[in-house]
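Each chain is listed here by its residues.
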Amino acid sequence: MTIAAPAPPLAPTPCRIRRVARETRDTFTLELDVAPSPVFRPGQFAMLYAFGVGEVPISYSGDPARSDVTVHTTREVGPVTRALGALRRGATVGCRGPYGAPWPLDDARGHDVVLVAGGIGLAPLRPAVYALAARRAEFGRVAVLYGARGPADVLFARDLERWRSTADIDVHVTVDAGTPTWKGNVGVVTGLIPRAQIDPRRTTALLCGPEVMMRFAAEALRARGVPAASIRLSLERNMKCAVGWCGHCQLGAAFVCKDGPVFGYDVAERLLAMREL
Amino acid sequence: METLERILSGHPFFAGLAPRHLDLLVGCASNVRFKADEFVFHAGAEANEFYLIRGGRISLEIAPPGRMPLVLQTLGEGEILGWSWLVPPYHWVLDARAVEPTRAIALDGRCLRGKCEADHDLGYELLKRFALIMEQGLQAARLQLLDVYGAG
Numbered sequence: 023m024t025i026a027a028p029a030p031p032l033a034p035t036p037c038r039i040r041r042v043a044r045e046t047r048d049t050f051t052l053e054l055d056v057a058p059s060p061v062f063r064p065g066q067f068a069m070l071y072a073f074g075v076g077e078v079p080i081s082y083s084g085d086p087a088r089s090d091v092t093v094h095t096t097r098e099v100g101p102v103t104r105a106l107g108a109l110r111r112g113a114t115v116g117c118r119g120p121y122g123a124p125w126p127l128d129d130a131r132g133h134d135v136v137l138v139a140g141g142i143g144l145a146p147l148r149p150a151v152y153a154l155a156a157r158r159a160e161f162g163r164v165a166v167l168y169g170a171r172g173p174a175d176v177l178f179a180r181d182l183e184r185w186r187s188t189a190d191i192d193v194h195v196t197v198d199a200g201t202p203t204w205k206g207n208v209g210v211v212t213g214l215i216p217r218a219q220i221d222p223r224r225t226t227a228l229l230c231g232p233e234v235m236m237r238f239a240a241e242a243l244r245a246r247g248v249p250a251a252s253i254r255l256s257l258e259r260n261m262k263c264a265v266g267w268c269g270h271c272q273l274g275a276a277f278v279c280k281d282g283p284v285f286g287y288d289v290a291e292r293l294l295a296m297r298e299l
Numbered sequence: 009m010e011t012l013e014r015i016l017s018g019h020p021f022f023a024g025l026a027p028r029h030l031d032l033l034v035g036c037a038s039n040v041r042f043k044a045d046e047f048v049f050h051a052g053a054e055a056n057e058f059y060l061i062r063g064g065r066i067s068l069e070i071a072p073p074g075r076m077p078l079v080l081q082t083l084g085e086g087e088i089l090g091w092s093w094l095v096p097p098y099h100w101v102l103d104a105r106a107v108e109p110t111r112a113i114a115l116d117g118r119c120l121r122g123k124c125e126a127d128h129d130l131g132y133e134l135l136k137r138f139a140l141i142m143e144q145g146l147q148a149a150r151l152q153l154l155d156v157y158g159a160g
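Protein sequences, first through last, are from chains R and V. Per our numbering, the first sequence runs over residues 23 to 299. Per our numbering, the second sequence runs over residues 9 to 160.
The shape of chain R in the complex, shown without the other chains (with noise of 0.2 Å):
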């Protein structure tokens, strides 16, 4: 009997770009057909190579209950990410993950569940919701509140309609500035909290956007009386490696690829407040 080798750690796989969709002006969904398609947990992150370029980290951002395919959100920002942005259907990436920490879901039965998202940070959420609409009787009441930058940066506009219509969710979407057109709310995501249906005791926050917004929503999350232990963020550092040896993404005695990203607000918080960090 032969026994396969077990991949290296950092070794990407190729893999087809099934589709590509256009979000907003700036981010873009990859759906890469993976064989056989690793089991991701929501909040977890994938290695995506753009050959000749570079690496980025990139959540998983499609339905963890897919086993064909997995799906990347992400914003250009950098050479790395827009030369997968550049890519087109049938081109080949290097891929390697699932890395990191989850969303604590199993530990959130039972509980209210409150989703704050941030701009492209609703990307790595929305496994999440995905797996809170699949498992919805597990869970008290489900939030998401949502912020942009315009109306035209709001990404997943039809999920986020679907995930109020037809899956018992609580939607709240604002944008930090409108236009003429725009009918929905005006202001930061963080006066989205107060609306929110939740009884603060029992409610898991799941946070992910810039961190100064992160930050901000936590503290109003814990005015309302979710305790720190309950509000977990995903956290965003300089990933290379993603398997805890390079020591890019160290956060105090933390690595954010090994550790995380996703983080308690009782750990993260005074992480948060050190500039050195």
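Simulated from the structure, these hints should not be mistaken for lab results.
Some chain V residues near chain R, calculated using beta-carbon distances under 10 Å:
hint: 1; residue: Arg-65
hint: 2; residue: Ser-67
hint: 3; residue: Gln-81
hint: 4; residue: Thr-82
hint: 5; residue: Leu-83
hint: 6; residue: Glu-85
hint: 7; residue: Leu-154
hint: 8; residue: Tyr-157
Some, not all, of what chain R presents toward chain V, calculated at C-beta under 10 Å:
hint: 9; residue: Asp-198
hint: 10; residue: Gly-200
hint: 11; residue: Trp-204
hint: 12; residue: Lys-205
hint: 13; residue: Arg-217
The beta carbon of each residue, even a glycine, is placed where N, CA and C say it ideally should be.
We have chain R already, so just place chain V on it with the hints.
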């Protein structure tokens, strides 16, 4: 039908107020409705009310000359609209417009200013509550200025 007294006493903004102060507030309160696109107040006009929004949505706007009005914030059910009635010279700084049919309880600021001068305990209680609204507005404005979603 809910009475004004019951609505005000059950609202978090007024939580903890002494019954005699609540009675004073009820005496200055009235139900109001706004149609979609109707202005609640205009910048520069005298500010003599504040509003507890019961349903619908109000946008706070500024109209720079020669440009489209800019919506700075929207307020919805349960939120408090307006604090210029409390700060001299008692003029609105922004326009407020109903985005959709909106009902609210209006509280007469002119009446309340007089009662606050006569009863400083009431004045202090109201100032504490409005200081929180102002602080939240200031923090929100700072976050908006940071343009956190546009950075990078």
